[in-house]
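Construct the entire structure; sequences and hints are all you get.
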Amino acid sequence: MSEDSLLGRLYKDGETIVEEGMLSRTMYVIQGGKVKVVKNDKGSETVLALLGEGDIFGEMSLFDASPRSATIKAVGEARVLAIEYEGLLKRIKVDPTLALRMIKQMSQRIRDLNVRLISAQRTMHHASDSLLQLKKAEDVRIKDLEPNIITLITRLQEKLHTITEQYVHQDESLRED
Amino acid sequence: MKEAKAILHDGARVAIIGGGPAGSFFGIFASKLAQDMGKTLDLTLYERKSFFTHGASGCNMCAGVISESLVQTLALEGINLPSTVVQWSIESYFFHTLEGSVEIKSSRLRQRGIATVFRGSGPAGSLAKGIQSFDEFLLGKAMEHGVCVNRSFIDKVCREGEKTKLYSAGNILQECDLLVGAFGIKGATGKMYEDIITGYKVPPTVKTAQSEIELGNDWIAHRFGHSIHIFLLRIPGIKFVSVIPKGDYITISVLGKDPKLDHIRAFLDHAAMKKFLPSGFKVPEKFCHCFPKISVGAARNPFAARTAFVGDASSTRLYKDGIGSAYITAKAAAHTALLHGIEEKDFREYYFPTCKFLNRDNLFGRLLFAANNLISFISPISRSYFNIVQGEQKNPEKNTPYSDILWDMFTGSRFYKDIFFRALHPWCIIYLLGAVVIYPLKKAVFSFINR
Ligand SMILES: Cc1cc2nc3c(=O)[nH]c(=O)nc-3n(C[C@H](O)[C@H](O)[C@H](O)COP(=O)(O)OP(=O)(O)OC[C@H]3O[C@@H](n4cnc5c(N)ncnc54)[C@H](O)[C@@H]3O)c2cc1C
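These protein sequence lines map, in sequence, to chains A and B.
Adding 421 to a residue's 1-based position in the first sequence gives its number in our numbering.
Adding 4 to a residue's 1-based position in the second sequence gives its number in our numbering.
Rather than coming from a laboratory, the hints here were simulated on the basis of the structure.
Note that the Cβ used here is the ideal one computed from N, Cα and C, for glycine as well.
Do not rely on the hints blindly, as some may be mistaken.
[Unchecked claim] Covered stretches of chain A, going by a simulated chain B footprint (3 or more residues, C-beta under 8 Å): (1) 423-437; (2) 447-456; (3) 474-483; (4) 498-507; (5) 518-524.
[Said to hold, decoys possible] Derived DSS-like pairs (lysine-lysine); straight-line CA-CA distance at most 30 Å: (6) A:K511 - B:K360; (7) B:K279 - B:K195; (8) A:K511 - B:K402.
Written out as C-alpha cells, the structure reads:
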C-alpha cells in the first residue's frame with residue numbers, strides 16, 4: 422500500500438487525536454487502524470472502547486458544544502479523516518439524511534448502554550438478596566456475622582463503584598463520540 | 005374516481021441507464037432507503053463500458069479529483085475510498101501565475117483530504133497494476149446493495165402507458181416502473197430522450213482537453229508533492245490548466261475555448277511547466293488523451309412521469325465537483341421516488357428544488373470565475389491578489405480570507421454563493437484595491453532606498 426494514496430492524517434501508536442477537556446467541533450472517521458477511547462483518572466487510564474475502520478467518533482460535537490469528555494488515542498498506526506463542522510452543517514442543510522448514519526451509530530450505543538445498565542442492576546439485586554438472606558438466618562448471632570457483613574459491604578461498595586464508574590464513563594464517551 | 009398515486013411499491017422494477025457515479029449512487033441510495041422502509045426493489049443498472057480496460061474506452065474521462073467535501077460525505081455514508089482506488093492524496097493547491105507561485109492549504113483542516121482517482125483502469129498503454137477504477141468501485145458498492153449490473157448499451161426506449169421498455173440491439177431487455185437517466189453528457193443517449201420525453205433538454209456543454217503523462221511515482225512525489233497545481237498563465241484560448249498527480253502519471257486538464265492537442269503540447273513546453281518536468285523531457289509522440297465535454301449549464305425538465313434524470317444528465321456544479329453533484333442529485337431523486345412518489349408532480353415538488361439549488365449556485369460560480377479571469381488578466385490586480393495570498397500563507401494560522409476564497413473555489417469545498425458573498429465583502433474589496441495602490445508604492449520606495 423503506497424503511503425502517497427492514503428487519506429486523512431496518520432497518527433502514531435499512542436498519539437492523541439482528541440484530548441479530554443478540549444473544545445473542538447471536528448468529528449472523525451477512521452480510515453485504517455484502531456483507536457481507543459480512554460478516560461484518565463488520577464494517573465490511571467481506563468479504556469472505555471476500541472474503535473476500528475469506518476467507525477465515527479466525535480459526532481456528539483455536532484449536537485452540542487461541550488468540551489471533549491474523553492481522550493482518543495491511536496492504537497498502533499491509525500489513519501483518521503477529520504470532518505469539518507461548518508461544511509458538514511451546510512451539507513446537512515441541503516441533505517438532512519446525511520446525519521442518519523451518525524444517529525444510527527448513536528442509537529446503537531444507547532442500546533449497548535442499556536444492556537450494560539440492566540446487567541449492572543441485576544448484579545446489585547443479587548447482592549442485596551444475599552444480604553437479606555444472611556439477615557434472615559436466625560440461628561446466627563449478629564456479632565458472629567459482623568466480619569462477613571463488613572467484607573460483603575466492602576465488596577458491594579467496590580462493585581457499585583466500578584459499575585457506576587463504567588456507566589458514567591460510557592455516558593461520557595457517548596457524549597464524546 | 006380518484007386515480008391511485010404512482011409509488012414505488014414492493015418489488016417495483018427500476019432501470020438505471022448509465023453506470024457512472026450518478027447511476028451507482030442512485031442504486032445505492034434507493035436500495036438503502038427501500039431497505040429502511042421494509043421494501044425490496046428490483047434495481048437493474050445498464051452500463052455499456054467495461055471500466056477494466058485501459059484508456060478512454062474504459063473511462064468516463066475526467067480529471068478525477070474527488071473533492072474534500074465528497075471524500076468526507078462518502079466517509080460519513082460508510083463509503084471509504086480504498087488505497088487501490090485513491091491514486092494520490094492531496095493536501096494543498098499550488099497556484100502558478102506569471103507573478104509567481106503560491107501554495108494554499110485548507111485553513112480549516114490540516115490533512116490529506118482530497119483524493120485523485122482514475123475513472124477507468126488507467127491510461128492507454130499503461131502497464132500499471134493495482135489501479136482500481138473509481139467507477140467500477142462504486143458499481144461494486146451498488147452491487148453489494150443488491151443492484152444488478154447489466155453491461156448492455158440501451159439504444160432504444162419506448163413508453164407504453166405506465167411502463168417503459170428498454171431495448172438493446174433489437175432485443176427487449178426489460179420493462180420498468182421507473183426509469184433513471186444517469187447517462188451523462190458525453191454520449192448521444194441524452195438526445196434520444198429529448199425525442200421521447202417532452203420538455204427534456206440536455207445541458208449545454210463545452211469541449212475540454214485531457215491527457216495523462218507518465219513521469220514515475222518518485223519524480224511526481226518529489227516535484228509535485230501532495231498538491232494539485234493550477235496554472236493561470238494567460239495562454240490565449242486557455243482559462244486555466246490543472247495538473248493532477250496520480251501515482252506514476254500526471255493528468256493535465258485544460259479548460260478553455262475549444263482546446264486541442266496542440267494546447268497540451270504548448271503547455272508542456274511552457275517555461276512555468278518545464279520546471280516540473282525532468283531535464284531533457286520530451287513530449288512523447290503518443291500519450292493518452294481525450295476531449296470530453298463538460299457541462300456548463302443545466303438540463304431542462306430533468307424529470308417526467310416515472311422518469312428522473314440525475315448527475316450530468318440533470319444539473320451539476322460549474323467546473324467543480326461533478327461527482328459530488330452526481331451524489332447530490334442521485335440521492336435526492338432516489339429519496340423522492342421512495343418517499344413521495346414517481347409522478348411528474350412528485351419529482352417537480354421534491355426533486356427539482358435540489359437541481360434548482362445547484363443551478364442557482366452556478367450563477368454565483370459563473371460570476372466568480374468571470375472575476376477570476378478578469379483578475380488574472382489585469383496585472384496590477386492579479387499581482388496584488390497574489391501578494392496578499394502569499395502574505396497570508398506565511399501565517400496560515402491567522403485569518404486567511406483571500407486564500408480561503410481561492411481554496412473553496414478550486415476545491416469545490418463550499419457552494420459558490422457562500423464564496424461569492426465572502427468575496428464581495430466590502431473589506432475584502434477595499435483591502436485588495438488598497439493593495440493595488442500600496443504594493444507598487446512600497447516597491448518604488450524600496451528600490452529608491454536601495455539605490
Ligand atoms: C475534463 C473534465 C474534468 C472533470 N474533472 C472532474 C473532477 O476532477 N472531479 C469531479 O468531481 N468531476 C469532474 N468532472 C465532471 C465529472 O466527470 C462528471 O460530473 C461526472 O462524471 C458525472 O457523472 P454521471 O454519472 O452523471 O455521468 P458519467 O460519468 O458520464 O457516466 C455516464 C455513464 O453512462 C453510460 N451510458 C451512457 N449512455 C448509455 C446507454 N445508452 N446505455 C448504457 N450505458 C450508457 C456511460 O458509458 C457512462 O459510464 C470533469 C469533467 C470533465 C469533462
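Given the hinted pair K511 (chain A) and K402 (chain B), is their Cα-Cα distance within 30 Å?
OK: K511 (chain A) and K402 (chain B) at ~23 Å, within 30 Å.
Counting residues of the stretch 498-507 of chain A whose CB is closer than 8 Å to a CB in chain B, do you get three or more?
Contact hint for the stretch 498-507 of chain A vs chain B: holds, 5 residues under 8 Å.
Hint check: K279 (chain B) vs K195 (chain B), CA-CA at most 30 Å. Holds or violated?
violated, 44 Å
Restraint status (C-alpha distance of K511 (chain A) to K360 (chain B) at most 30 Å):
holds, 17 Å
According to a criterion of three or more residues whose C-beta lies within less than 8 Å of a C-beta of chain B, is the stretch 423-437 of chain A covered?
holds (count 7)
Check whether three or more residues of the stretch 447-456 of chain A sit with their beta carbon closer than 8 Å to a beta carbon of chain B.
Coverage by chain B holds for the stretch 447-456 of chain A (3 residues, Cβ < 8 Å).
Chain B covers the stretch 518-524 of chain A, three or more CB atoms within 8 Å, holds or violated
holds (count 4)
Please check whether the stretch 474-483 of chain A has three or more residues whose CB lies within less than 8 Å of a CB on chain B.
holds (count 3)
Comparing the model with each earlier hint shows a violation of hint 7 alone; every other hint is respected.
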